[in-house]
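Undergrad: One letter stands for each residue in the lines below.
4 protein chains.
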Amino acid sequence: MSSGLSDSLKKYSVSIIGASGYSGAELTRLLLRHPCVELQDLYAFSQVGNNVSDLYPALGCNSMYKQYKGERESDIYFLALPHGEALQLVPSLVQAGKIVIDLSGDFRLKNCSEHNEFYKQLKSPDAFMTYGMPELNLDQIIKTRAISNPGCYATSIILGVAPLFHSKEHSLDVRAINCTSTSGISGAGRSSKTELSFSEMSENIRAYKVGIHQHIPEIMQALGTSATDPSFDFTFTPMIGSLVRGIYSILNVQLVQPADTEEILKLYRSFYQTAHFVRVRDTMTEIRHVVHTNFCDVHIASITKKGSLTIITALDNLLKGAAGQAIQNMNLMLGINEETGLL
Amino acid sequence: MSSGLSDSLKKYSVSIIGASGYSGAELTRLLLRHPCVELQDLYAFSQVGNNVSDLYPALGCNSMYKQYKGERESDIYFLALPHGEALQLVPSLVQAGKIVIDLSGDFRLKNCSEHNEFYKQLKSPDAFMTYGMPELNLDQIIKTRAISNPGCYATSIILGVAPLFHSKEHSLDVRAINCTSTSGISGAGRSSKTELSFSEMSENIRAYKVGIHQHIPEIMQALGTSATDPSFDFTFTPMIGSLVRGIYSILNVQLVQPADTEEILKLYRSFYQTAHFVRVRDTMTEIRHVVHTNFCDVHIASITKKGSLTIITALDNLLKGAAGQAIQNMNLMLGINEETGLL
Amino acid sequence: MSSGLSDSLKKYSVSIIGASGYSGAELTRLLLRHPCVELQDLYAFSQVGNNVSDLYPALGCNSMYKQYKGERESDIYFLALPHGEALQLVPSLVQAGKIVIDLSGDFRLKNCSEHNEFYKQLKSPDAFMTYGMPELNLDQIIKTRAISNPGCYATSIILGVAPLFHSKEHSLDVRAINCTSTSGISGAGRSSKTELSFSEMSENIRAYKVGIHQHIPEIMQALGTSATDPSFDFTFTPMIGSLVRGIYSILNVQLVQPADTEEILKLYRSFYQTAHFVRVRDTMTEIRHVVHTNFCDVHIASITKKGSLTIITALDNLLKGAAGQAIQNMNLMLGINEETGLL
Amino acid sequence: MSSGLSDSLKKYSVSIIGASGYSGAELTRLLLRHPCVELQDLYAFSQVGNNVSDLYPALGCNSMYKQYKGERESDIYFLALPHGEALQLVPSLVQAGKIVIDLSGDFRLKNCSEHNEFYKQLKSPDAFMTYGMPELNLDQIIKTRAISNPGCYATSIILGVAPLFHSKEHSLDVRAINCTSTSGISGAGRSSKTELSFSEMSENIRAYKVGIHQHIPEIMQALGTSATDPSFDFTFTPMIGSLVRGIYSILNVQLVQPADTEEILKLYRSFYQTAHFVRVRDTMTEIRHVVHTNFCDVHIASITKKGSLTIITALDNLLKGAAGQAIQNMNLMLGINEETGLL
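As given, the protein sequences belong to chains W, A, D and E, one line each in that order. Positions in the first sequence are counted from 1; adding 2 to them yields my numbering. Positions in the second sequence are counted from 1; adding 2 to them yields my numbering. Positions in the third sequence are counted from 1; adding 2 to them yields my numbering. Positions in the fourth sequence are counted from 1; adding 2 to them yields my numbering.
Please note that the accuracy of each hint is not assured.
Since the list gives no way to pick out one identical chain from another, each pair is judged satisfied if it fits inside one copy or across any two copies.
Mimicking DSS-like on lysine-lysine, the simulated pairs with C-alpha atoms at most 27 Å apart in a straight line are [unchecked claim]:
| no. | residue 1 | residue 2 |
| --- | --- | --- |
| 1 | Lys112 | Lys13 |
| 2 | Lys307 | Lys122 |
| 3 | Lys68 | Lys170 |
| 4 | Lys308 | Lys211 |
| 5 | Lys195 | Lys211 |
In case anyone wonders, no lab produced these hints; they're calculated from the structure.
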């Protein structure tokens with residue numbers, strides 16, 4: 003791993019705002035081992051004054067969580083905050099010329115009214131940053147200094163159907179997509195809710211926010227349409243199951259014109275040919291194939307003569323669905339190998 | 003519960019052929035506590051000569067598993083065998099006038115060619131018994147003495163959409179149904195496969211038999227169409243997750259004509275008005291709401307203006323999906339309260 | 003099961019104070035199905051006004067949780083409250099002549115100073131009720147109308163070593179007992195603590211209150227000694243693991259004089275000869291052998307020449323460790339079959 | 003992390019014999035990322051001809067498992083084979099001057115009769131290699147080229163009590179040690195046994211080999227005594243619980259002379275002062291603190307006035323208990339930083 007990566011003598015300094023949640027902890031773990039950066043400050047809220055090693059002993063890190071008071075000393079800032087809280091912090095960091103990667107949903111949507119509807123929060127009109135999904139937006143990511151990192155469900159769904167929409171060779175007309183995704187419970191964050199307790203969730207499954215999840219407009223935007231007036235039927239049923247990490251998405255796509263297996267496979271293979279972290283797999287994918295990795299696996303499970311596709315994707319919600327993709331974006335913005343610190 | 007059920011002095015004698023699997027064990031547990039029957043013989047194969055209390059100590063039962071040699075001494079026979087093995091045994095039991103309830107898929111399908119295709123097994127042409135889903139077939143079940151007990155996935159899907167197809171008042175035209183179901187691993191039976199080991203399946207999810215599962219023709223038959231030439235688009239993605247018991251089904255239905263929420267809810271409420279074990283619930287259902295019960299919960303999670311429904315069902319695969327429904331059928335055939343021994 | 007149990011036409015009315023916790027829910031489930039009682043009122047605190055079917059749909063019970071305001075209309079009262087809260091309620095119920103079964107630790111200890119030390123709560127001097135462990139105290143339980151139901155860990159440990167201390171034939175001198183017990187997380191109650199969330203506890207184990215758990219004086223009292231000046235060395239390490247229900251206790255006993263295997267086995271078999279719910283097993287016991295049952299399994303796993311015994315017990319913390327044992331006590335106090343409603 | 007480690011241009015070539023089991027997969031993962039080695043050949047048995055990426059997609063490795071036919075081309079050989087199978091292979095690799103690290107129990111015991119008794123296998127008289135526990139044997143490991151890597155339970159127990167026996171300052175006399183350890187099910191290897199299936203082990207705990215586990219003589223040897231005539235009472239109860247990875251050991255130690263808390267803590271702190279991977283922790287340790295790391299956490303949970311200690315250790319059975327410790331040994335033998343590739 004990482005041989006030859008540390009050619010540049012200078013290391014970038016990096017800080018995390020919102021470092022004590024699960025995504026923040028994964029960022030901490032990845033950045034501690036990343037050869038091109040030096041982890042500077044870990045900012046938190048309720049955990050201010052506590053030591054990382056008390057909250058996450060597995061990280062082997064003895065830093066203390068600090069309160070963020072507007073510091074701008076690092077080269078790079080990751081924000082892993084509850085939705086709504088980055089809105090205030092990002093603009094001044096951007097103005098100060100920092101590289102900023104925000105993991106919240108605050109800056110993902112161009113359409114403010116959809117943002118306001120799905121997040122139930124006001125957003126200032128121009129609050130939009132480059133959407134950081136390298137398999138879709140590589141050219142823009144390379145040029146920008148401010149990234150809005152995609153949502154976990156959104157990543158698992160967009161990567162599963164993007165080739166149908168964005169293939170340079172030929173796109174396929176889509177009539178309907180029904181998505182059902184099962185997420186690990188870490189997706190709900192470090193929580194003290196009874197309904198997320200072990201006793202309630204062990205050997206359990208529960209759907210929630212059916213048809214109203216805030217990742218819906220993000221998915222539609224990435225597919226080139228809108229949530230309020232979509233160009234195809236779309237449903238999304240998110241679930242949590244008895245697992246900590248991972249998202250497993252079943253994507254049922256109805257094409258307008260049937261397509262044959264070879265055509266579809268060729269389309270997917272071609273689309274992801276240069277992608278380091280998306281694997282088009284011939285055999286069934288499983289959560290355990292991707293957990294603790296930055297891979298998103300995509301498997302075409304079924305193609306019917308009538309044009310129904312069943313596509314299955316798997317990723318780790320805290321890595322490719324959050325911290326891992328954020329590091330991937332950082333690598334691209336720094337001009338270093340996309341895989342650095344992620345294998 | 004069940005007070006006054008044991009008025010009749012005579013108890014029916016019952017035996018189980020295939021008693022050592024998980025469904026067999028649930029039948030054993032339920033029949034031991036059933037006030038109107040006496041459990042006579044437990045027949046098994048690899049476990050012949052072993053004591054129930056060694057294999058399933060929780061049952062508190064000291065009987066020994068016997069080899070079945072054609073005995074016909076009981077009034078009632080349950081068969082809980084691997085698919086294909088009941089084909090030989092059922093006819094002679096039926097001829098001998100026994101009440102027979104077969105939990106396998108051997109006698110579920112009227113269409114032999116579909117049976118042969120999906121089960122990859124030959125079936126004799128007239129091998130069909132009354133399909134034992136009381137919420138659909140009550141009148142027939144009451145009259146018959148031979149029941150083919152529904153499949154676990156099939157039950158969870160059929161009960162979720164049956165009101166759309168079989169309402170006496172007015173049915174709704176369906177254009178497409180996409181089903182994704184997550185099953186507990188007990189659905190695979192007592193197994194020694196590496197892929198079902200704890201180390202491989204803990205915190206894991208895996209789809210399998212996408213579009214080719216043997217319950218597909220059973221579902222289509224119950225909905226009044228066929229698997230080979232269905233009257234609507236249909237996909238089915240079965241999955242196993244890290245839970246032992248339960249099936250959680252997400253049913254995305256596309257109606258030809260949109261229907262409003264009130265209309266759909268009224269339809270479902272009316273259809274299941276007299277059903278003891280199907281509960282139409284206003285709030286989200288979860289696996290833990292039904293596990294270790296004979297209930298199938300149905301929740302209409304979303305209805306869009308364009309006529310997309312998301313219906314979610316939950317049941318215990320070993321109870322309403324197997325042994326519980328089998329007892330329910332027995333109760334109906336015996337003319338006793340449908341809930342006897344099941345609450 | 004339960005044949006002939008409902009001879010008495012009159013059913014006892016029963017209410018539960020503290021019905022919305024996990025033990026309360028198990029009491030509800032058991033009492034709903036018990037042939038000799040009628041469940042009257044379910045009293046709760048934070049859940050007052052909510053329906054049982056919303057909190058525990060699996061119970062199939064549509065009652066509403068009420069606020070307890072001193073009612074005394076039922077024949078029998080179960081109290082399943084946090085420690086300290088029964089102290090106020092029990093005396094007036096006892097004075098009113100009610101049958102009272104308290105599942106808390108409030109009335110278990112005769113020694114007030116030990117109670118105050120381990121529970122960190124004051125207790126009035128004469129607040130002691132009959133200790134409801136039928137395998138030890140049958141004669142007293144039959145005569146009393148007020149029972150203090152044993153603790154879950156205490157039951158699993160006391161039943162594992164009681165024959166060494168209380169055999170009528172000959173007791174064995176014990177030099178030391180080291181107990182390590184793993185409990186299901188339901189033992190912590192319906193909780194909203196982050197440290198009991200699925201994300202923190204899945205695939206995890208954590209010890210707590212090592213050497214200071216409040217069941218220590220209860221265990222010592224039941225073994226005829228005291229926690230502050232015990233007649234043998236005693237350590238207790240409680241743990242929670244990634245399971246909802248069950249307690250698995252490893253009891254390492256050092257005898258003063260070695261005893262041979264036959265002698266020990268005979269002692270245990272004889273001691274539990276008439277016990278309905280303690281099973282001395284020849285083969286290894288497991289949590290799954292007892293979960294959802296009222297059994298406590300005891301297995302002598304190892305006896306060394308030097309007099310070291312390893313005894314392993316398994317029980318369901320919510321049944322034999324709480325609600326099941328409480329029903330067992332009720333049955334004995336009512337003079338009906340000890341197993342009624344528990345098989 | 004490990005920046006600057008790859009100064010040396012030459013990388014050592016490494017091969018794994020027995021690469022397809024869980025320990026072999028962890029070795030593969032660690033060696034792929036290790037900056038000083040190049041992974042050459044992966045030898046397996048039943049998986050010969052299969053691709054690593056089919057069996058363990060998370061590794062992101064496209065090599066094929068080969069059959070081992072006596073090749074000696076690599077500089078370093080790891081053997082991760084079932085017990086008994088390394089006996090034949092190791093001598094010729096050692097003779098050929100290779101660095102050899104064997105993860106099995108074949109070469110751990112000096113006392114052949116104890117080996118034969120506990121492993122039920124014959125061993126040639128001089129088959130012993132340096133015991134690779136760096137915290138005990140650093141000086142010997144640095145000098146040797148053939149290492150017998152410790153057992154997982156043995157590591158978790160030895161590291162928990164070693165300071166009592168091997169402190170240079172002053173040892174404490176031990177009268178008895180009772181160990182109970184819960185292991186993740188991966189410790190049983192990639193298995194197709196029904197008793198290790200998800201359906202049997204989810205939410206379950208089971209003890210096994212109580213008092214007869216093959217790690218007992220290894221522990222006793224490391225503590226300077228023997229299993230057949232130990233200098234103190236010793237019991238060991240291994241258990242598997244519903245977790246994949248990790249070992250959690252409760253070590254109840256009875257000292258001959260009581261010692262005070264300060265003294266014990268000082269002893270432990272001093273003993274592990276220079277250890278990179280053993281952490282003496284002030285607060286309770288948990289499995290999740292160490293899983294996916296090479297750390298062994300040690301916590302003194304209780305010290306009584308009578309000299310009873312309760313020490314709790316946690317480690318990842320596949321890392322510090324197997325592959326991680328093996329890499330640690332390799333690093334020491336190569337003269338590079340002990341932590342290389344392990345943080």
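Undergrad: Does each hint hold? Answer for all of them.
TA: Each hint tested on the structure:
1. In this homomeric assembly, Lys112 and Lys13 never come within 27 Å of each other (Cα to Cα): the closest approach is 34 Å inside a single copy and 50 Å across copies.
2. In this homomeric assembly, Lys307 and Lys122 come within 27 Å of each other (Cα to Cα) only across copies, at 21 Å, whereas the closest approach inside a single copy is 42 Å.
3. When the C-alpha separation of Lys68 and Lys170 is checked against a cutoff of 27 Å, the pair qualifies neither within a copy, at 47 Å, nor between copies, at 41 Å.
4. Taking CA atoms no more than 27 Å apart as the test, Lys308 paired with Lys211 passes between copies only; the shortest distance there is 19 Å, against 30 Å inside one copy.
5. Proximity of Lys195 and Lys211 under a CA criterion of 27 Å is satisfied in both settings, with 17 Å inside one chain copy and 24 Å between copies.
This entry does not satisfy hints 1, 3, going by the numbered hints stated previously.
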